[in-house]
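Trainee: Model the placement of chains D and S on the given structure of chain H, informed by the hints.
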Amino acid sequence: MDAPKQLYREEAFELLADLEEALIELEQQPGDLDTVNRIFRAMHTIKGSGAMFGFDDIASFTHTIETAYDLIREEKLSVDEELISLTLRSCDQIKVMLDASQGGEDADASLTGEITASFRKLISSVEGTPQERDDSCPADTGGEQGNGLKAETTYRIRFKPHRELFRNGTNPIPLLNEIRGLGHAHVICHLKELPGLKDLDPEACYTYWDIILTTDKDIDSIRDVFIFVEHISDIEVTKIDDYGEIDHEEYKKIGEILFDRGDISLGDLESILGRQKRIGELLVESGKARRSEVQSALVEQEHVRNLRKKRMGTMPVDGASSIRVASQKLDSLVNLVGELVTVQARLTQLSAQRNDTDLTLVSEEVERLTAELRDNAMGIRMLPIGTTFGKFKRLVRDLSTELGKEVDFTTSGEETELDKTVIDRLGDPLVHLIRNSIDHGIESPEAREAAGKPAGGTIRLTAEHSGAYVLISVSDDGAGLDTEAIRAKAMEKGLISPDANLSEKEIFELVLAPGFSTARSVSKVSGRGVGMDVVTSSIESFGGTVEIASAKGSGTTITLKLPLTLAIIDGLLVTISDEYFVMPLNAVVECVELSADDRRHTHGRNLARVRGEIVPYIPLREVFSLDGDNPAIEQVVVTEIGERRIGFVVDKVVGQHQTVIKNLGKFLRHVEGVSGATIMGDGTVALILDINKLTQQAEFTEKYQTVH
Amino acid sequence: MSKRILTVDDSASIRQMVSFTLKKEGYEVIEASDGKDALSKIGSEGVSMVITDLHMPNMNGIELIRALRTDPSYKFTPIVMLTTESHQDKKDSGRQAGATGWIVKPFKPEQLIAVVKRLLG
Amino acid sequence: MGNITWHDKAGGRGRTLKLEGALTIETASELKHVLLQVLETAEPLEMNMSAVESIDLACVQVLCSAHCSFHQANRKMTLAGEIPEGIHAALEALAISPDACDSPCTPECPWRKGEGHE
Chain H
18 MDAPKQLYRE EAFELLADLE EALIELEQQP GDLDTVNRIF RAMHTIKGSG
68 AMFGFDDIAS FTHTIETAYD LIREEKLSVD EELISLTLRS CDQIKVMLDA
118 SQGGEDADAS LTGEITASFR KLISSVEGTP QERDDSCPAD TGGEQGNGLK
168 AETTYRIRFK PHRELFRNGT NPIPLLNEIR GLGHAHVICH LKELPGLKDL
218 DPEACYTYWD IILTTDKDID SIRDVFIFVE HISDIEVTKI DDYGEIDHEE
268 YKKIGEILFD RGDISLGDLE SILGRQKRIG ELLVESGKAR RSEVQSALVE
318 QEHVRNLRKK RMGTMPVDGA SSIRVASQKL DSLVNLVGEL VTVQARLTQL
368 SAQRNDTDLT LVSEEVERLT AELRDNAMGI RMLPIGTTFG KFKRLVRDLS
418 TELGKEVDFT TSGEETELDK TVIDRLGDPL VHLIRNSIDH GIESPEAREA
468 AGKPAGGTIR LTAEHSGAYV LISVSDDGAG LDTEAIRAKA MEKGLISPDA
518 NLSEKEIFEL VLAPGFSTAR SVSKVSGRGV GMDVVTSSIE SFGGTVEIAS
568 AKGSGTTITL KLPLTLAIID GLLVTISDEY FVMPLNAVVE CVELSADDRR
618 HTHGRNLARV RGEIVPYIPL REVFSLDGDN PAIEQVVVTE IGERRIGFVV
668 DKVVGQHQTV IKNLGKFLRH VEGVSGATIM GDGTVALILD INKLTQQAEF
718 TEKYQTVH
Chain D
1113 MSKRILTVDD SASIRQMVSF TLKKEGYEVI EASDGKDALS KIGSEGVSMV
1163 ITDLHMPNMN GIELIRALRT DPSYKFTPIV MLTTESHQDK KDSGRQAGAT
1213 GWIVKPFKPE QLIAVVKRLL G
Chain S
201 MGNITWHDKA GGRGRTLKLE GALTIETASE LKHVLLQVLE TAEPLEMNMS
251 AVESIDLACV QVLCSAHCSF HQANRKMTLA GEIPEGIHAA LEALAISPDA
301 CDSPCTPECP WRKGEGHE
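Residue numbers (this note's numbering), protein chains in the order written: chain H, 18 to 725; chain D, 1113 to 1233; chain S, 201 to 318.
The hints are simulated quantities; they were obtained by calculation from the structure and are not laboratory data.
Errors might be hidden in some of the hints.
Between beta-carbon pairs, the in silico distance windows are [what the hints assert, rightly or not]:
no. : chain 1 : residue 1 : chain 2 : residue 2 : range
1   : S       : Pro-244   : H       : Thr-701   : 53 to 59 Å
2   : H       : Asp-35    : D       : Thr-1182  : 33 to 39 Å
3   : D       : Thr-1182  : S       : His-233   : 20 to 26 Å
4   : H       : Ser-303   : S       : Gly-211   : 47 to 53 Å
5   : S       : Thr-241   : D       : Lys-1115  : 34 to 40 Å
6   : H       : Glu-481   : S       : Gln-272   : 58 to 64 Å
7   : H       : Glu-481   : D       : Lys-1135  : 49 to 55 Å
Sample of chain H residues with no beta-carbon within 12 Å of chain D, all distances over it, derived [said to hold, decoys possible]:
no. : residue
8   : Glu-38
9   : Gly-67
10  : Ser-95
11  : Leu-192
12  : Tyr-223
13  : Asp-241
14  : Leu-350
15  : Leu-602
16  : Val-605
17  : Pro-633
Partial list, derived from the structure: chain D residues whose beta carbon lies under 10 Å from chain S [stated by the list, open to error]:
no. : residue
18  : Gly-1138
19  : Pro-1184
20  : Ser-1185
21  : Lys-1187
22  : Phe-1188
This one's a predicted model, so the numbers in the text were calculated from it and none came from an experiment.
Ideal Cβ positions, reconstructed from N, Cα and C, are used throughout, including at glycine.
Pulled out of the complex, with its shape left as it was, chain H reads as follows (with noise of 0.2 Å):
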């Protein structure tokens, strides 16, 4: 027993015995109020410090004769002998009890329910008797709604102390921590009240707060915060966003937020509304509001339509209320955003070659807008990719039948969603990768058995988000891949030089090379060993990429890795002698510069240092033939392809792009490294890098260079 507690126990038979000799004096003189008095606040401080220091039997039972004894006082219920009896045991009960925590016996239970069910008799005989008091410490609300959401709400708190807040040593840091503690917290600060130096009382607080919190605490806590605080601040706590807001995901606007704070009048708003420009900076430049009141609305802004974004992501999708369209009719819509996107560039370079402010506002809200309605376009192209994943159970039952083989088909992921030129073009790949598990990846039944697995295999189809991309993997467990037997393949059709010295995923990378089978005899199934290569330079076309892991006699899992979206994608704009080029933003890592310098230092040999990191890179000047000089500094984008990092040199970086991609035209279908083009703003085509394309090329001259 802690010390603490120990102390209790002498305090409380102090008490009990002091208790007692009132209870006797109070036998004698029924009406005298002082010592039921003192019997109250004897039974108040056993319950009260009871519930301290963990006795909380004590402090339950106690609060019981605590309350006969309030209405004693109150006179409502007088003094008789059954009750000082009672009063008596109940102190010999609460003995028992101290000594139960010392290691005595344990209270007697049914005693103290009769005690207790004694005393309630005389309380609920009183008419009228006020509901018990309830002491106990307020429980914590809030928490989890019934559908798995968390049922948080959103508050705006103006924190704004009088100027004596210091006065009763308040500190205001830990009281803003606090109510960062209780969720996700915006805090914005206000100084405008802070006069110059000569005037300001130094021992007087000027400063005030926005918070802007996201809790599933209720507004109670949030109060109890300041609890210590209200008569000495303003204190105003608004709900302004509910976990039930769903239907739309717009907030309010800033004029509004602003208006609702107090912070500008209404006849301020529609003054400054019938103007067109960014009412925030309109408010700002009039001197109706000041910067800091506008920020502190925006982060509002931002806050909550950041969080309903989030929420309205997480809302399941809603059968009854979804409508049937003809894809032609969503391509088209893609098209025109597409178109839309150009066009908007066009604006924002001439907007900025005007430097006019209308034209500039104008042309920061078509972007804003241009981007919300390419989101929401792409959005609606998006299908769960299950819907394909039904026609291969068909394909596997078939197939293991016509071959003789046990093969049990699993999927998930089925709800992961991917543009719908995506799942179409999907399709035949992913019937090649499944008819080649099951067709050279599952062993026969009796071969299985004698390497002691399972007679049926298992072909597994999942699919998963990973951040731009979807991964979708086809992974079986049969034999796996042989790699000698690659090897040698690959060697006989010529494919490696005989010495070459190859690591097992680049053993495995061969079976995607083009004409190349590993399967001894030309079964009907995967016909004649093509599937591979067409597999990849499919899944290519559309920028994605496929890698094969295997262990021999465990299996082989085939992943593709799919971009989220086709038509249009994040660019990086560059230059090489005036010639524009975009690399997708997704795979840029970072840019550094490389100056003749450090070119020189290499030997000739295109490697840059990176952080300390050798980066091989591609003079991208030289992969196009282009001409002009190299400038004294160039620029190499560093890409991350795999796990591997490929810098690609170039004259300029020019800024993120957004590319509507067009393809090329049939002559220029098939020059290698591109993938396609884009219309830039001004007219002028860039073409669009296939940065998979061109390092593999590089990677196949460097080896031919070192071959011969």
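Mentor: Then chains D and S, alone, in the frame of chain H:
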């Protein structure tokens, strides 16, 4: 730097409980049994917070708060009063005397810690 | 309690106001007094806060107000030495930052992170 807190209460068990709870949280604690005792112990050492009961012999809590607020070194020190009942008048007179906050007895150790953190950080 | 002391610079080229320890409200009046005196003379103000352990809102207000008043009077208030972590932590907790302040002196705000002088 460990923050030093003075706890003033005529009940040894409350004092011990406060002291025990706060020491576990890493604060340094001095104990005093009433206002007079508090003023003599606070002396040269200085404290960053005072937690005081209101009903005490010799010098009660309200008087102690007033005395501390007139001393320039304690003009802005957080002072928490322990009130037995949540009666508004008691709280108000304590606030007028200059108390920063209060805790209503009975309280659990967690409530004590929450209040100390709120005022002291 | 914080300490506010003047230190002569080497070679008799003016002096530096050194702030030390815990800059709490108990120090705020003295801090204001000292800064106001400098403001009312023609002396340039150089301050060193590198030995400040902590600061509270009262002292932050005095320093902000002083910076504004110096700016208004077209006077320089420069910092020698780094702004210590204790100050940055308090500013962060109070959400005081030049980005959310519209005082005319924000462009030269001493609280901008990573702007220690010399």
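Trainee: Taking the hints in turn, state whether each one holds.
Mentor: Status of the hints after comparison with the structure:
1. Look at S/Pro-244 against H/Thr-701: about 55 Å separates their beta carbons, and that is inside 53 to 59 Å.
2. For the pair H/Asp-35 and D/Thr-1182, the beta carbons lie near 37 Å from each other, so the given range of 33 to 39 Å is met.
3. Checked against the hint of 20 to 26 Å, the C-beta distance between D/Thr-1182 and S/His-233 comes to roughly 22 Å, which is consistent with it.
4. Restraint check, H/Ser-303 to S/Gly-211: a C-beta distance of roughly 52 Å satisfies the suggested window 47 to 53 Å.
5. Taken as a hint, the range 34 to 40 Å holds for the pair S/Thr-241 and D/Lys-1115, whose Cβ atoms sit roughly 39 Å apart.
6. Under the hint 58 to 64 Å, the C-beta atoms of H/Glu-481 and S/Gln-272, about 60 Å apart, fit the expected range.
7. About 51 Å separates the C-beta atoms of H/Glu-481 and D/Lys-1135, a value consistent with the hinted range of 49 to 55 Å.
8. Against chain D, the non-interface label of H/Glu-38 holds: every CB pair exceeds 12 Å, the least being about 19 Å.
9. Separation of H/Gly-67 from chain D is inadequate, the least Cβ-Cβ distance of about 8 Å not exceeding the 12 Å criterion.
10. With a closest Cβ-Cβ approach of about 24 Å to chain D, H/Ser-95 is found to remain outside the 12 Å limit, as its non-interface label requires.
11. A Cβ of chain D approaches the Cβ of H/Leu-192 within 12 Å, the least distance being about 6 Å, so the stated non-interface status is violated.
12. Distance check on H/Tyr-223: its Cβ is at least 16 Å (rounded) from any Cβ of chain D, clearing the 12 Å threshold; non-interface status holds.
13. Not every beta carbon of chain D lies more than 12 Å from that of H/Asp-241, the smallest distance being close to 9 Å; the non-interface claim is violated.
14. Separation of H/Leu-350 from chain D is adequate, the least Cβ-Cβ distance of about 55 Å exceeding the 12 Å criterion.
15. Under the 12 Å C-beta cut-off, the non-interface status given to H/Leu-602 relative to chain D holds; the minimum distance is some 44 Å.
16. Annotated as non-interface, H/Val-605 keeps its C-beta farther than 12 Å from every C-beta of chain D; the closest such distance is 44 Å.
17. The claim that H/Pro-633 lies off the interface holds: its Cβ sits roughly 53 Å from the closest Cβ of chain D, which is beyond the 12 Å cut-off.
18. Because the beta carbon of D/Gly-1138 sits about 17 Å from the nearest beta carbon in chain S, more than 10 Å, this interface hint is broken.
19. Against a cut-off of 10 Å between C-beta atoms, the interface hint on D/Pro-1184 holds, since the closest Cβ of chain S lies about 7 Å away.
20. Nearest Cβ of chain S to the Cβ of D/Ser-1185: about 7 Å, under the 10 Å cut. The hint holds.
21. Interface hint at D/Lys-1187: satisfied, since its Cβ lies 7 Å from the closest Cβ of chain S, which is below the 10 Å cut-off.
22. Below 10 Å, beta-carbon pairs count as interface contacts, and D/Phe-1188 has one with chain S at about 5 Å; its hint therefore holds.
When held up to the earlier numbered hints, the structure conflicts with 9, 11, 13, 18 and fits the remainder.
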